[in-house]
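> As a plain string of letters, each chain reads:
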Amino acid sequence: MNRLEISELVVDVPGRRDGRPLSLSVEPGQVWGVLGPNGAGKTTLLHTLAGLRAPRAGEIRLDGRPLATLKRRQVAQHLGLVFQERQDGFPATVLETALIGRHPYLSPWRMEGGEDLRLAQAALERLDVAHLADRLVSTLSGGERQRVAIATVLTQAPALWLADEPTNHLDLHHQTEVMALLAEQAAEGRAVMMCLHDLNLASRWCDHLLLLYPDGEACWGPSDALLVPAALERLYGQRLATAEIGGAPVFVPVR
Amino acid sequence: MPASSAEVLAMPGRRSLWPPLAAFALLGLAALLLSVTLGSASLSPGDVWAVMRGEGSPLARTLILELRVPRALSAFATGGLLAMAGALMQVLLRNPLADPYVLGLSGGASVGALAAMLAGLGGAVISGSAFAGAFLSTLLVFGLAHGTGSWTPSRLLLTGVVVAAGWGAVITLMLAISPAERLPGMLYWLMGDLSYARSPWPPLALLLLICLLLAPLGRSLNVLARGPLQAAALGINVRPLEWTIYLTASVLTAMAVTTAGSIGFVGLVVPHMLRLVLGNDQRLILPACALAGGILLVLADTLARTLIAPEQLPVGVITALLGVPTFLFLLYRSR
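One line per chain: the protein sequences are A and B, in this order. Going by this note's numbering, the first sequence opens with residue 593, and the numbers climb by one from there. Going by this note's numbering, the second sequence opens with residue 825, and the numbers climb by one from there.
No wet-lab data here; the hints were simulated from the structure. Some hints could be false.
What the hints assert, rightly or not - If you want the ones that stay clear, here's a sample from chain B, every Cβ over 12 Å from chain A, calculated:
| # | residue |
| --- | --- |
| 1 | T861 |
| 2 | L889 |
| 3 | E890 |
| 4 | A1039 |
| 5 | G1051 |
Claimed, not checked - For the chain A half of the interface with chain B, some residues (derived, Cβ under 7 Å), not all of them:
| # | residue |
| --- | --- |
| 6 | A642 |
| 7 | L644 |
| 8 | R645 |
| 9 | L662 |
| 10 | L673 |
| 11 | P696 |
| 12 | W812 |
Unchecked claim - So the derived label-pair ranges between C-beta atoms look like this:
| # | chain 1 | residue 1 | chain 2 | residue 2 | range |
| --- | --- | --- | --- | --- | --- |
| 13 | B | L1100 | A | Q679 | 14 to 24 Å |
| 14 | B | E1005 | A | L728 | 35 to 45 Å |
| 15 | B | S866 | A | Q679 | 51 to 61 Å |
| 16 | B | L945 | A | A646 | 46 to 56 Å |
| 17 | A | W701 | B | G990 | 38 to 48 Å |
| 18 | A | W701 | B | E890 | 22 to 32 Å |
All values derive from a computational prediction rather than experimental measurement. No residue lacks a Cβ here, since even glycine has one placed at the ideal position from N, Cα and C.
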């Protein structure tokens, strides 16, 4: 039910001519990886899909309904976004930060109740930051903040996850934990689309890929078809060596 | 509330809203009572009670009902308005240095009031002229910040600061050319002085109204304080909310300035003090600001009336002298 349909979408990347229009559908159970070099428009694409900015052309449909006609609150009940950059607002504790994930579900007059707190605390535990619940977010390390941001979206419990470089700042163990969490979300019938810079995480965890080239070209499809050295070398302008470990290809940049 | 309040209270980082608000309400009543009893002629609480029951001497009745109660209530309302406006501006601009005057509103009001004084007009004309100046300044900043390009809080802040600097120059010019005998009145107005206060009911009614109107917006403001993109992703219509905050804060400030001149410091410091003590939940901070700002200004005005009675000090001086050490102490103690 929680499909994100993208038809003839042209993302409005400032200072770039229209690229190839995107037409694809993110289905429940799928994990999409968006790959591309810096400035290819990955973040802009995710923000457009979340309805935070208008596309230049085309349409986005959430559960069959045009995104542009939905209220922001309705969108937030279906779709969660992990931002790449933390906006530092006013000081807030880790628990308070996770709790705002419940905002889309609560009427203006209701305080967060015990159930909301349980959800937030479960999310903090899942991301291994429950012991920091009373700390101010501004006092945490980059990786801890990243996990709090993901815990906030986990508290929001959207059917559709958009994650902008969810493994940013994370150590190896927590990178794997976060990817496993996202894969688990998909396995439970939700849909995930994430921007990544790590080809090996993409090849290990994503079943579909969208490659965004800097000139606006794009191609997409099942991972197996796209994880070929030729396509990836052209994507990054970087030679790659390929090996296979545990049945999945591993890419290493070479000079 | 679906969960029992005891359960919520037991959760770390969560508090019930009512105990602190009830405590502030009691403190507010005590401050008002103190303010009514103290003055060039001191009265006992018994005298006040007698007057409230419709008894007491005619002198005490006049003193309390016509002078001290209206003035204390005006002080309370003005302080509450300023503190709430400051808290709103800080959330809107996500800048801890923001205060109700940061966007030039008090400058506009001051120019209006001083122009009326310079023309030799008094009373209601000064208030009306101050309100017109505040309104004009709000529209000016609103229009200029909107401009042709995109709107951001930093653009609003810059526009406001520059407009405020412009008003500052006009104020200095007016002070320079004004006749000497009018100068003290003008300076008192600029520093904030409750002896200009007229009926306390309009500011009190506005304070109560805005508290009620903002109550359902509290959690949205909390989310907005996390940043506009995050707020939009969590289901908030950011732009309408931001304009609502800006216009609300402007109306609050305009009413406060019209009532008592531009009293500094309350709007900057009270929200910060409360955040240091109570945390940063706007659902608690905003009503707490209304009460604590009121308490601070009632106490400051009582001191302003009594320190060198029968002479009066400008209340803005007292708010700063009380607020600076308290604030620095809280900041020093905070984590």
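> Now, for every hint given, state plainly whether the structure supports it.
Consistency of the hints with the structure:
no. : hint                          : in the structure
1   : T861                          : 38 Å, holds
2   : L889                          : 38 Å, holds
3   : E890                          : 40 Å, holds
4   : A1039                         : 8 Å, violated
5   : G1051                         : 3 Å, violated
6   : A642                          : 6 Å, holds
7   : L644                          : 5 Å, holds
8   : R645                          : 10 Å, violated
9   : L662                          : 10 Å, violated
10  : L673                          : 4 Å, holds
11  : P696                          : 4 Å, holds
12  : W812                          : 24 Å, violated
13  : B:L1100 to A:Q679: 14 to 24 Å : 22 Å, holds
14  : B:E1005 to A:L728: 35 to 45 Å : 54 Å, violated
15  : B:S866 to A:Q679: 51 to 61 Å  : 54 Å, holds
16  : B:L945 to A:A646: 46 to 56 Å  : 52 Å, holds
17  : A:W701 to B:G990: 38 to 48 Å  : 42 Å, holds
18  : A:W701 to B:E890: 22 to 32 Å  : 40 Å, violated
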